[in-house]
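These protein sequence lines are chains A and B, in that order. Mapping to UniProt numbering: the first sequence position 156 is 156, numbers consecutive. Mapping to UniProt numbering: the second sequence position 4 is 4, numbers consecutive.
Don't take each hint at face value.
Same chains, same label: a pair holds when it works inside one copy or across any pair of copies.
[To be verified] Calculated lysine-lysine pairs in the BS3-like style (CA-CA distance at most 30 Å, straight line): (1) K117 to K44; (2) K186 to K4; (3) K186 to K117; (4) K2 to K187; (5) K187 to K77; (6) K77 to K15; (7) K186 to K34; (8) K91 to K42; (9) K187 to K65; (10) K186 to K65; (11) K72 to K186; (12) K42 to K65; (13) K42 to K4; (14) K91 to K117; (15) K186 to K44; (16) K15 to K44; (17) K16 to K187; (18) K34 to K77; (19) K16 to K72; (20) K72 to K4; (21) K77 to K117; (22) K186 to K134; (23) K4 to K77; (24) K42 to K134; (25) K42 to K2; (26) K134 to K72; (27) K44 to K16.
These are calculated hints, taken from the structure and not from any lab test.
Number of protein chains: 2
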Amino acid sequence: MKEKLLQQSIELFEKKGFSETSIQDIVDSLGVTKGTFYYYFKSKEQMLMQINLHYINDLLDTQLKIIEHPDKSWQDKLYDVVYMLISRIEKHGASARIFFRELVNLNGEYFEEILHKRDQFRIRFQYLIEQGMKSGEFRDDLRADMMTFSILGSCNWSYMWFRADGPVPEKELARSFLEVFLNGIKK
Amino acid sequence: MKEKLLQQSIELFEKKGFSETSIQDIVDSLGVTKGTFYYYFKSKEQMLMQINLHYINDLLDTQLKIIEHPDKSWQDKLYDVVYMLISRIEKHGASARIFFRELVNLNGEYFEEILHKRDQFRIRFQYLIEQGMKSGEFRDDLRADMMTFSILGSCNWSYMWFRADGPVPEKELARSFLEVFLNGIKK
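Go ahead and model the full structure; you've got the sequences and the hints to work with.
Spelled out as structure tokens, the structure:
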């Protein structure tokens, strides 16, 4: 039931917005009572926090495994992180869009925790770029932080438009993003 | 007064969110009455629409001038569009973030109009890439639509993090984005 409540809420938050969705809307759409909601969650805010945390923790765990892989090149690790982000759009796209859009609705302490985790993800991404520079795989004449923002920006933005059932499969998008990031579009 | 109401509302929508900001909040913060608000705007939604339209129309106009420039190379035009987006962050960053975040709060007709204009911007961006391919400046072995999404994504995402008073000036960010897009980060 907890999972069902979360799924249904993600759908409603995505469609109507967090503020416009009441707990009553959520429980009505599942045919349960408010008591059921409060059995699992303290408040709508705490539920939003759980949705955000679930999403970012999963990304952080997978990212760490990719970066710590003992054999792969930094290029391949970059591909793996980009692919991780894109391949999660189908299943977790709504969570991610809520994550980006509804941050403003988290109160102080929650907000800080989520911001901290977002920073962690970006800093580790930058570490990957820096290691690739040190190893000689990537150019070292550009700022690693700006490259990180550029590449991560493309990936994050794909949550706004990419559909896994569209004309381009996930792997092809990840590969063509990588091609642009690694080699550029200049002839 | 209309301009003041718009500026104040953009600030409040950005900080508290559109739904959490009442017309009362807006007029209170300026020490005027609700009558003043309704003299200029039909509703909060109509005001949001004006904010969005103002932002996107300005981008579309400038983009068209850049693309139609008779002498510049497609690379230079790409730089100009990227720089246009980044250089608007300082003055229009809040409008843009509201534009992306609060679309969900526009009703049917408004929503369609804004979506149409967003599409127009992206399609023209893609046209620029395609012309660069035809002219031989850009590689023609990648999908122009995916390249568009990738580059536009980086630029749009910079609205989430870039500060014009930070360590990197606008022109430097635009140049280093262009460097990644054109030549890639691979050594």
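For each hint, the structure was consulted:
no. : hint         : verdict
1   : K117 to K44  : within (21 Å within a copy, 34 Å between copies)
2   : K186 to K4   : neither (48 Å within a copy, 45 Å between copies)
3   : K186 to K117 : between (35 Å within a copy, 28 Å between copies)
4   : K2 to K187   : neither (53 Å within a copy, 49 Å between copies)
5   : K187 to K77  : both (26 Å within a copy, 16 Å between copies)
6   : K77 to K15   : neither (34 Å within a copy, 37 Å between copies)
7   : K186 to K34  : neither (58 Å within a copy, 55 Å between copies)
8   : K91 to K42   : within (26 Å within a copy, 39 Å between copies)
9   : K187 to K65  : between (35 Å within a copy, 25 Å between copies)
10  : K186 to K65  : between (33 Å within a copy, 23 Å between copies)
11  : K72 to K186  : both (27 Å within a copy, 16 Å between copies)
12  : K42 to K65   : neither (33 Å within a copy, 53 Å between copies)
13  : K42 to K4    : within (16 Å within a copy, 40 Å between copies)
14  : K91 to K117  : both (21 Å within a copy, 28 Å between copies)
15  : K186 to K44  : neither (49 Å within a copy, 45 Å between copies)
16  : K15 to K44   : both (16 Å within a copy, 20 Å between copies)
17  : K16 to K187  : neither (45 Å within a copy, 46 Å between copies)
18  : K34 to K77   : neither (45 Å within a copy, 56 Å between copies)
19  : K16 to K72   : neither (43 Å within a copy, 44 Å between copies)
20  : K72 to K4    : neither (38 Å within a copy, 56 Å between copies)
21  : K77 to K117  : within (20 Å within a copy, 37 Å between copies)
22  : K186 to K134 : both (25 Å within a copy, 12 Å between copies)
23  : K4 to K77    : neither (34 Å within a copy, 49 Å between copies)
24  : K42 to K134  : neither (47 Å within a copy, 58 Å between copies)
25  : K42 to K2    : within (13 Å within a copy, 42 Å between copies)
26  : K134 to K72  : within (15 Å within a copy, 37 Å between copies)
27  : K44 to K16   : both (14 Å within a copy, 17 Å between copies)
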